[in-house]
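Asks: Sequence order for the protein chains is A and B. All the letters of the first sequence, read from the start, carry residue numbers 1 to 160 under this note's numbering. All the letters of the second sequence, read from the start, carry residue numbers 1 to 160 under this note's numbering.
Any copy, or any two copies together, can satisfy a pair, since identical chains are not distinguished.
Here are the computed lysine-lysine pairs in the DSS-like style, where the Cα-Cα straight-line distance is at most 30 Å: (1) K72 - K91; (2) K91 - K101; (3) K129 - K65; (4) K93 - K139; (5) K139 - K149; (6) K40 - K65; (7) K72 - K40; (8) K93 - K151; (9) K151 - K91; (10) K65 - K149; (11) K139 - K151; (12) K40 - K101; (13) K91 - K139; (14) K93 - K135; (15) K91 - K149; (16) K71 - K91; (17) K149 - K93; (18) K71 - K93; (19) K112 - K71; (20) K91 - K40; (21) K149 - K101; (22) K72 - K139; (23) K71 - K129; (24) K135 - K112.
If you are wondering where the hints come from, they were derived from the structure by calculation, not from laboratory data. These numbers were taken from a predicted model, which means no experiment stands behind them.
Below are the chains, spelled out letter by letter.
Number of protein chains: 2
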Amino acid sequence: MKIKFLVTLAVFWSVIVTVSYAQAEGVPFPEGYRNWLHAKTMLIQAGHPLENPFQGIHHVYANGKAANGLKKGSYADGSVLVFDLLNYVEKDKTIQEGERKLVGVMHKDSAKYASTGGWGFEGFAGNSKTERLVKDGGKSCFGCHVSEKAKDYVFSGLRE
Amino acid sequence: MKIKFLVTLAVFWSVIVTVSYAQAEGVPFPEGYRNWLHAKTMLIQAGHPLENPFQGIHHVYANGKAANGLKKGSYADGSVLVFDLLNYVEKDKTIQEGERKLVGVMHKDSAKYASTGGWGFEGFAGNSKTERLVKDGGKSCFGCHVSEKAKDYVFSGLRE
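Make the full structure from the sequences, and use the hints.
Replies: This is how it looks when you write it as structure tokens:
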């Protein structure tokens, strides 16, 4: 009985430790991003090379440090950019926002994410803050963003 | 000579007073709105009943009081909502933001704008902060917004 209890306790703690470790290592969910600077918006239609998974209307939000980065073209550690992707509905000569598909995140930490240009990449499914979509440590994200090296790997620019 | 000087002075002062009066009366340009809450976005296409002047992609921004209003469905004096209308460019299976068409403003002041539901309406052309588009004291704007009386005359709702 005592052994069973100890085994249960060990399993319980290993789960706790594993989850904590994943949270410590992973790019954090960008709490409060809907109150950050709305930098720009773009719509990707069916037939675009990035249709899967990026078809939809996306808004890019920047925290304070990332807003400075957008002006300068380079980003201090702690900069966070959010790619907020929603489905869209086309009707009656309008295109309207639909359900959220994912929340993409770029989180600058030069040391921690040195192998991907200093940026941590993550995607959170739908409205979840825990269901993570990036499975390769951001390598595939970086493979596309590397084309924007001159802008510190960020596609977005700042519009007026 | 002295009379000419006095006449010039009188004309000068009347211009100053007239401009100041217009500024005091008009809905102010919403300085800093690009840093406010981005509430929602919608695209209006050619053929829509509001095509002229509202064809484009528009973003709705809310200052702090208006953000509370969006949650409650009624707005305190000092609430400001911005309808930021941009042209759009459709190419290569994307729709991208273009030049700014106008900045529409709703400014809540129950006493001052009592005849239009407590809201002052204004539009600023393109990137101008002074070229005003609303010529009828907001009556035509209110004529459409009156349908939303239950939501304090605001079309937009708050999305997650």
